[in-house]
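Asks: The lines below spell out each chain.
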Amino acid sequence: MAQPVIPDFGEASECVSENRLFCPDWVRDNWDPVLQPALVQHIQLTLIAVGFGFVISLGAALAAHRLRFVERPFAWVSAVIYTIPSLALFQLLVPITGLTVTTVEIALVGYTLLILFRNTLAGLRAVPPEVLEAARGMGLTAGQTLWRVELPLAVPAIIAGLRIAVVSTIALATVAAFVVSRGLGGPILGALRLDFRTEIIAAGALAVGLAVLADVLLVLMQRLATPWAASRRSA
Amino acid sequence: MILAALDVFANSLDFLVDRRELLLEKTWEHIELSLVALAISILIGVPLGVALGHLHRGSFLAVNIANIGRALPTLVVIAVGFTVLGIGFTNVIFALVVLGVPPILTNAYVAVDEVDRDAVEAARGMGMTPIQVLRRVELPLALPLLFAGIRTAAVFIVATATIAAIAGGGGLGDILVNQAAYRVEGLVAAALCVSVLALAADAGLGLLQRLLTPAGLKQQVSSFEPDVRPVV
Amino acid sequence: MRERRQAVEIVFDHATKRYPGRAAPAVDDLTMTIPAGEVCCLVGPSGGGKTTAMKLVNRLVELTSGDVRVDGQSVRSLDETTLRRRIGYVIQQVGLFPHMTVAENVATVPKLLGWSKREAQERTDELLDLVDLPARDYRSRYASQLSGGERQRVGLARALAADPPLMLMDEPFGALDPITRTRLQNELLRIQEEVRKTIIFVTHDIDEAILIGDRIAILREGGVLAQYDTPERILAEPADDFVARFVGADRGLKRLSLTRLDELDLEPANGAAGPLLEGETTLRDALSAMLNDGARSVVVDGRDGTRRVLTLDRITELLR
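Protein chains in written order, with my numbering: chain A, 1030 to 1264; chain B, 47 to 278; chain C, 110 to 429.
Keep in mind that the hints were calculated from the coordinates and are not lab data. Any given hint could be a false lead.
[As the list claims (entries may be wrong)] If you anchor each label on the Cβ, the simulated ranges turn out as follows: (1) Arg1252/A <-> Gln182/C: 47 to 53 Å; (2) Ala168/B <-> Gly1172/A: 32 to 38 Å; (3) Arg163/B <-> Lys226/C: 36 to 42 Å; (4) Ser253/C <-> Gly1172/A: 42 to 48 Å; (5) Leu131/B <-> Glu1159/A: 22 to 28 Å; (6) Leu428/C <-> Pro1158/A: 45 to 51 Å; (7) Leu131/B <-> Asp1054/A: 22 to 28 Å.
[Said to hold, decoys possible] Here's a subset of chain A near chain B, in silico, CB distances under 10 Å, partners left out: (8) Gly1088; (9) Ala1108; (10) Phe1119; (11) Phe1207; (12) Val1209; (13) Leu1221; (14) Phe1225; (15) Arg1226.
For glycine and all other residues, C-beta sits at the position ideal for the given N, C-alpha and C.
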């Protein structure tokens, strides 16, 4: 790599021209043009990926819950995808879908499948057998049992899976910048090439902060969705 | 679109053959990098995790460190490492270790912490010293889960080493970030290589994990499944 | 308030259940009639097919041959979900829905049947009071906050919610400690007095069956009916050795526990001596009191206020 070059901003502040680790004035100036759009894009990337991933995994888990033979193949495929390094997966998709957001989204969706599938299926299977027997004996149809009993009881496991999926996706989405300049990875990559520290630290902090915030929100969501577990917590 | 893609893949296979020396060299660099990082991560994570688990202390931190590790975007870790430590092997190793330690530590902690307390109590009742209990009861029983953590870390590290190229780490990442020099075919070829590497590492360690699991333990971890423990 | 539903008669007509791959049937040619409003206890050793026989009624187990009729209609003629919504089903582990409150649990079947919210809530409160769990305190609780006995009471209330004419109970008190079990057995008797349902009650405990049952059906291994009769007659005249062994060598004493002092015509005491007992005391406990005190008689206050006496000889006479 060449000699580090300090970008010329015209009236570069002292902090920036000395390339210190963190310059608040730069962050303030560049929030609107650089950081905020990148943050918004990053959130978009994550939400779309987890959204699709959740729908696919839920379908697969429901299928596997009814038909045992679905589990193995789906788990195997999603495990293989999960193991392939993200950058490699991106590059393998590029010839097919090009240097586009689609490529990135397909890969990110793929990475969520394993954890969401496993957790959803585990949640469905964790329903106590006597609860299922009581439901059947009382005259609930299979569909009613699924909707009113099994799914609500599977919610804690599902949300736990969503937590991991969301946090991992936020982290992985930074690598998307190698394919297309969206999300917080863009500023980081750009700043790396120029060795511009403040931008790296700022964008990086945003990514980590976003992940932590998402995690906390999901924990809250879980508490709200499972009032019956609260009594066990306090019991 | 599909035809164009097939064309690219065909050409990348050519690349694999024509430039195999380059690929082998890069693969070897990659393996080297990963092994060193993994070794250091094990040296840090295992003793610390096992000790904490044995003493049943520091659970909040130990369990949540894996979550924190997962939340750290690899690119960010490498970039921050780069800004603070500069280019080169050391910097990259630092980033890889930062990402590799959490799963190892958490798994080591949980593995030892959750060892059947009855077994431990029986052992102590028989007159074993704490170290003997650790060596003869806790560790063998904890081994499968511990190993699962090492497996997860290994895959993490191989994946992250790929990106480390931008910080001068070497390895197959060098090709993957350099579209200009190697063109799409080269990137695809390198991507195939690193994928195979990651899958092989995971499968190999999975096999080892199976072999190390004492026969008496009911383990439902299939030999090909990364450990993504749900943390409720 | 909804109309009280009448209890119905259940008929087993050569009902048989065979599982593929097994030589002996689980239920073998079971034929018996359970009159409306009575409690029939199915007892027997494990593997005797008593739970299977019970499940033939709500089709959790399908008949291989023969028929089971509820109120004259074959169970096969109805869609199974519709059938089950008309039958109260109580199991040993209760199976309360953990994610629903007590009130929501109880209201499950009424909601399925389309009752209005108000009707369902009224009914829920009524039932919670019936099982001695004040609605005000218990409606909003969750299963994890209840004790074993409380949970089974909710299970009972839930089964009674849609006012089914028929109840199936599979060892409902088996998982409870002895004190709670006794309490709930008596609760059930009290409730049955009020609601008069036809109940099939499976248990492996002959004493429980004697206490609760209007009739007892004893099934031996292979699902064969050994004897079907009232508790008194089974204890007095067991059909064969198996039944005699099953009811226990102390069946003479067991028979004594079926009668209470205040149900008998006793002689005036005329100054006779002996421990003074309450009218509700069973003959068995009276005999026990005599043995404890070394007496040959006990005294009790009769219905008309005069003192009455029960002698050892009288007991022997009654058993004959």
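Asks: Against this structure, judge whether each hint is valid.
Replies: Hint by hint, here is what the structure shows:
The supplied range of 47 to 53 Å is met by Arg1252/A and Gln182/C, whose beta-carbon atoms lie about 49 Å from each other. Evaluation of the 32 to 38 Å hint for Ala168/B and Gly1172/A yields a failure: the beta carbon distance comes to about 49 Å. With their beta carbons about 49 Å apart, Arg163/B and Lys226/C fall outside the hinted range of 36 to 42 Å. Hint check: Ser253/C to Gly1172/A, Cβ distance near 27 Å, so the stated range 42 to 48 Å is violated.
For Leu131/B and Glu1159/A, the hinted distance range of 22 to 28 Å is not satisfied, since their beta carbons lie about 58 Å from each other. Checking the proposed 45 to 51 Å range against Leu428/C and Pro1158/A shows it holds: the Cβ atoms sit about 46 Å from each other. Look at Leu131/B against Asp1054/A: about 25 Å separates their beta carbons, and that is inside 22 to 28 Å. Among the interface hints, the one on Gly1088/A is violated; its C-beta lies about 19 Å from the nearest C-beta in chain B, farther than the 10 Å criterion.
The closest approach between the C-beta of Ala1108/A and any C-beta of chain B is roughly 5 Å, which is under the 10 Å cut-off, so the hint is satisfied. Checking Phe1119/A against chain B by beta carbon gives a least distance of about 8 Å; that is within 10 Å, so the hint holds. Checking Phe1207/A against chain B by beta carbon gives a least distance of about 7 Å; that is within 10 Å, so the hint holds. Below 10 Å, beta-carbon pairs count as interface contacts, and Val1209/A has none with chain B, the closest being about 13 Å; its hint is therefore violated.
The beta carbon of Leu1221/A comes within 5 Å of a beta carbon in chain B, closer than 10 Å, and the hint placing it at the interface holds. Below 10 Å, beta-carbon pairs count as interface contacts, and Phe1225/A has one with chain B at about 9 Å; its hint therefore holds. A cut of 10 Å between beta carbons decides the hint on Arg1226/A: the least distance to chain B is about 5 Å, and the hint holds.
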